[in-house]
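Take a look at the letters that make up each chain.
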Amino acid sequence: QQPVQSPQAVILREGEDAVINCSSSKALYSVHWYRQKHGEAPIFLMILLKGGEQKGHDKISASFNEKKQQSSLYLTASQLSYSGTYFCGTELPFSNYQLIWGAGTKLIIKP
Amino acid sequence: EAQVTQNPRYLITVTGKKLTVTCSQNMNHEYMSWYRQDPGLGLRQIYYSMNVEVTDKGDVPEGYKVSRKEKRNFPLILESPSPNQTSLYFCASSPGQPFGEEQYFGPGTRLTVT
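Protein sequences appear in the order of chains A and B.
Residue numbering for the first sequence follows the working numbering, starting at 1 and increasing by one per position.
Residue numbering for the second sequence follows the working numbering, starting at 1 and increasing by one per position.
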């Protein structure tokens, strides 16, 4: 039931782009994306809802393919501050408001 | 400042000694939740609460208790801690249900049970 995130880790040079994927075996109501720096609390990035609505930061973009039960987070022109672990949280229909989280994707940005 | 606070931030205890981790939010949020985070497993929900006096089990509730007597507070209770409950714990809150709403996380409580 836990969504699968890929890749598990990625190393980039500053200015390069990255795509992080989140895939579920079940139909999704919404997908939530958060970033976590080591030892700190997760920070909200974006929510994508079934039907196309999105809420989040202007500098972050993401997609949600309801049919494929997949979401992707796009990080363009990466900055050093983008480093951290990215988590997707998935909400299933009729799940009583539970979020099921992926294991995370570790992103390292080098100067 | 809008925030979720947790106490203590760090705790080392022994097996079987009851403990409580407090969580408080000042945003008048209805929804609150407890997660544990272990390496390679991401966040796993322990319990959540839709509103005062309404709580429900998450994915890993065994060994934990919660209560929601006031809207702002959602303490996590470990009646008889065991070493497998050594983990990083996060409390989170959101205005309503998780869907469509950002969750605000507390700073985390690192618990070690020996």
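Note that these hints are calculated values from the structure, not bench results.
Errors might be hidden in some of the hints.
[Stated by the list, open to error] Only pairs whose alpha carbons sit at most 30 Å apart, straight line, appear in this in silico DSS-like list of lysine-lysine:
id : chain 1 : residue 1 : chain 2 : residue 2
1  : A       : Lys67     : A       : Lys110
2  : A       : Lys26     : B       : Lys57
3  : B       : Lys57     : A       : Lys106
[Unchecked claim] The calculated label-pair distances, taken between Cβ atoms and stated as ranges, are:
id : chain 1 : residue 1 : chain 2 : residue 2 : range
4  : B       : Asn26     : A       : Gly39     : 20 to 28 Å
5  : A       : Gln1      : B       : Pro39     : 17 to 25 Å
6  : A       : Gln54     : B       : Asn84     : 35 to 43 Å
7  : A       : Leu80     : B       : Val54     : 24 to 32 Å
8  : A       : Ser63     : B       : Thr13     : 27 to 35 Å
9  : A       : Gly52     : B       : Tyr10     : 41 to 49 Å
A virtual CB, placed ideally from N, CA and C, is assigned to each residue, including glycine.
Okay, the hints, checked on the actual structure:
{"no.": "1", "hint": "A:Lys67 to A:Lys110", "verdict": "violated, 36 Å"}
{"no.": "2", "hint": "A:Lys26 to B:Lys57", "verdict": "holds, 21 Å"}
{"no.": "3", "hint": "B:Lys57 to A:Lys106", "verdict": "holds, 29 Å"}
{"no.": "4", "hint": "B:Asn26 to A:Gly39: 20 to 28 Å", "verdict": "holds, 23 Å"}
{"no.": "5", "hint": "A:Gln1 to B:Pro39: 17 to 25 Å", "verdict": "holds, 20 Å"}
{"no.": "6", "hint": "A:Gln54 to B:Asn84: 35 to 43 Å", "verdict": "holds, 38 Å"}
{"no.": "7", "hint": "A:Leu80 to B:Val54: 24 to 32 Å", "verdict": "violated, 43 Å"}
{"no.": "8", "hint": "A:Ser63 to B:Thr13: 27 to 35 Å", "verdict": "violated, 45 Å"}
{"no.": "9", "hint": "A:Gly52 to B:Tyr10: 41 to 49 Å", "verdict": "holds, 43 Å"}
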